[in-house]
Structure formats: C-alpha cells, structure tokens
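S.K.: Read off the chains here:
2 protein chains.
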Amino acid sequence: MTTRWLTSKEQRAWRAYVAASLLLEDAIDRQLQQEAGMPHLYYSILAYLSEMPEHRLRMTDLAEKLKITRSRLTYAVTRLEKDGLLRRENCRGDKRGSVAALTEEGMAVLERTAPGHVETVRASLFDRLTPEQVDQLEEICTGIAQGLQGDDAQSAPEDVPWRRRSSPSCS
Amino acid sequence: MTTRWLTSKEQRAWRAYVAASLLLEDAIDRQLQQEAGMPHLYYSILAYLSEMPEHRLRMTDLAEKLKITRSRLTYAVTRLEKDGLLRRENCRGDKRGSVAALTEEGMAVLERTAPGHVETVRASLFDRLTPEQVDQLEEICTGIAQGLQGDDAQSAPEDVPWRRRSSPSCS
Chain Z
177 MTTRWLTSKE
187 QRAWRAYVAA
197 SLLLEDAIDR
207 QLQQEAGMPH
217 LYYSILAYLS
227 EMPEHRLRMT
237 DLAEKLKITR
247 SRLTYAVTRL
257 EKDGLLRREN
267 CRGDKRGSVA
277 ALTEEGMAVL
287 ERTAPGHVET
297 VRASLFDRLT
307 PEQVDQLEEI
317 CTGIAQGLQG
327 DDAQSAPEDV
337 PWRRRSSPSC
347 S
Chain L
177 MTTRWLTSKE
187 QRAWRAYVAA
197 SLLLEDAIDR
207 QLQQEAGMPH
217 LYYSILAYLS
227 EMPEHRLRMT
237 DLAEKLKITR
247 SRLTYAVTRL
257 EKDGLLRREN
267 CRGDKRGSVA
277 ALTEEGMAVL
287 ERTAPGHVET
297 VRASLFDRLT
307 PEQVDQLEEI
317 CTGIAQGLQG
327 DDAQSAPEDV
337 PWRRRSSPSC
347 S
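Chains Z and L supply the protein sequences, listed in that same order. Each residue of the first sequence is one higher than the one before, counting from 177 in this note's numbering. Each residue of the second sequence is one higher than the one before, counting from 177 in this note's numbering.
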C-alpha cells in the first residue's frame, strides 16, 4: 500500500499539536505537583469522583471517563488510597467490580487545589483562545475522541485503553 | 483573588481536549511500541535527527524541539544509544555541550517505521478533520505553544521544560 504521507500543512499542524499538548501537560502537571503533590491524572480522578452521586464510581467506569487502561488507574488509585484521598469498596451486587469513593480529606484537597488548577488551565489555554476557537477546539477534539474510542464503525471496541484484554482485572 | 471558574462551554472543550490527547497518545504509542518497540517520544527523537544536516543535533536544541526537560531527553537518548540507534558525541568548540547523532541503524529503523506511524496519525487525526479544521488546529496549537514557551512577555524563560534550572546538565 502506498503511504499517504502528511502534506506540509498537515505536518505543521501535527507538530504544533504535539508541541502544545506536551507544553500544556507540563504546565498543568507542574502546578498540581507544586500545590498538591500529584500529577494531572490523579487530580482528574478526584475531580470525577466529586461529581458523582455519593462521590463514588466503579473502577471500570472511571477508567473509561479518564481514557486510560485499568492497570494505570489501579496504580494511581492505590497511591491515592494510601494518601487517604479515596478508598476502594466492593460494588453492591457485583462482586467482580470495585468502586472508588472520595474521602472527606480527598474532597478537601480537591477544593483547596481547584482554584489554582483552573487558573493554570485558563492562563495556558482559554486566555489565548477566541470564543470561536473554543468551539473549534471542542468540535475537533470531540471528533477525534469519538473516532478513537469506537463511537463509529471504524474501531474495534477492544482497541480502547479501558477495555484492553491485556490489562489486569481491577477487581 | 476570585477564581475565574471555567464556563460550561470551556469545561466541555477542556474535557474533550484532555480525552482526545490521551486517546491520541495511546494510539500513537501503541502502534510504535508494536512496530518498533519504542514510544512516541523516542520515535520523535530519531525523526528530528534525520532532518538535520549530518543527522546530528545538540542535546539542548533537541530538548527544545521536543518540548521536554533535558533530564527526560537524557534518559531517552541513553536507551536509544544502548539500542544502537544513535550515538552521543562531543560538540565541536563547546565542551559543555553534547550532540546526538543518528546511526545508520537508527535511520533504517526510522525508514521502516515511518509509514505505519504516519498511517496511524492520519487515521486517528487527519482523516477526521476538514481542511478548515486542520488550519484551526494549527492556529490554536501554535498560539498555545507560543504562550507557554515564553514567546510573549507573559512567561518567564525558565518556565519552559528545556531551560529549567532543576534539570541535571546533559553534558
């Protein structure tokens, strides 16, 4: 099959995307490490749990929300549990499953950390975008995510990180 | 200071961006791990070197191109050197500096791996974007990267990963 090389325009867009995503993640991680001693992923776990009824969510659902493998989630959750910011519980009516629940201390850390985190996201990203570009970014990223997580017919469901067969069970 | 919380529109855009960037990096890394046994960053090092005169570049310049800390680059380069894909040399006229040079084997690995990598980038990203969205993505990402790497007056130069004082020297 002939390789469909990138055009120079696509090459420029790709390199700009890779640069921006690395710099953004670096800025977000640095702020969170300095203020809460945790990387972006760990903060996101606490943030998602805080939005759930009773501040708890099944590990499989949490992995899907975060777009990561269950083994990566398990590793992060173990560290957060050790720090007392969440605890793991058995899922009612499903012995295979496992649930992550935010503790009061986890909620307190989140509330203390959120203002600085949001300020970093705003200063790094939204302060530099016009309202039209915010719409464009959402549309572009939603399309990419839908494609990669098999919301259309092109991807096999087991391709997504949280459903990969090679991942160890989280239960 | 009052926290400038994200609007619901910004929140949606931010979550879509985080999801897309994680899924994209996962897809790119998986393909490269399967075909070349290396993650995206390692591939990018080989790719940048291949574009340089004599296939060589100073470590400090390579870290800036890649938007990473010098310590992260040093770790990756050490592994690539061990695999025979590049070698480190002293920089002419600058004993502090160090230069990474692509080997013939590194070039061969790159040439063998590039078609599959480009196909993944295309299938994951560009096949899902209109030509207008490719322009929008480039403009958005260029703006974000310029802001974060201090091309304007808002950021201090030492904020960027490759110039951070805490990083160990690469020489």
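Derived from the structure by calculation, the hints contain no laboratory data. Where hints are given, some of them may not hold.
Since the list gives no way to pick out one identical chain from another, each pair is judged satisfied if it fits inside one copy or across any two copies.
[Unchecked claim] Below, a list of computed lysine to any residue pairs in the SDA-like style, where the Cα atoms sit at most 25 Å apart:
| # | residue 1 | residue 2 |
| --- | --- | --- |
| 1 | Lys258 | Val310 |
| 2 | Lys258 | Leu286 |
| 3 | Lys241 | Glu201 |
| 4 | Lys185 | Thr245 |
| 5 | Lys185 | Glu265 |
| 6 | Lys185 | Gly292 |
| 7 | Lys258 | Gln309 |
| 8 | Lys185 | Arg263 |
| 9 | Lys241 | Gln207 |
| 10 | Lys185 | Glu227 |
| 11 | Lys241 | Gln187 |
| 12 | Lys185 | Cys267 |
| 13 | Lys185 | Arg340 |
| 14 | Lys258 | Glu315 |
| 15 | Lys258 | Ala290 |
S.K.: All hints are to be evaluated individually against the structure, with a verdict given for each.
M.R.: Here's how the hints hold up against the structure:
no.: 1; hint: Lys258 - Val310; result: neither (38 Å within a copy, 44 Å between copies)
no.: 2; hint: Lys258 - Leu286; result: within (16 Å within a copy, 42 Å between copies)
no.: 3; hint: Lys241 - Glu201; result: both (18 Å within a copy, 16 Å between copies)
no.: 4; hint: Lys185 - Thr245; result: neither (33 Å within a copy, 27 Å between copies)
no.: 5; hint: Lys185 - Glu265; result: neither (50 Å within a copy, 34 Å between copies)
no.: 6; hint: Lys185 - Gly292; result: between (36 Å within a copy, 20 Å between copies)
no.: 7; hint: Lys258 - Gln309; result: neither (41 Å within a copy, 44 Å between copies)
no.: 8; hint: Lys185 - Arg263; result: neither (48 Å within a copy, 32 Å between copies)
no.: 9; hint: Lys241 - Gln207; result: both (23 Å within a copy, 22 Å between copies)
no.: 10; hint: Lys185 - Glu227; result: between (40 Å within a copy, 17 Å between copies)
no.: 11; hint: Lys241 - Gln187; result: between (30 Å within a copy, 14 Å between copies)
no.: 12; hint: Lys185 - Cys267; result: neither (50 Å within a copy, 33 Å between copies)
no.: 13; hint: Lys185 - Arg340; result: neither (34 Å within a copy, 31 Å between copies)
no.: 14; hint: Lys258 - Glu315; result: neither (38 Å within a copy, 43 Å between copies)
no.: 15; hint: Lys258 - Ala290; result: within (21 Å within a copy, 42 Å between copies)
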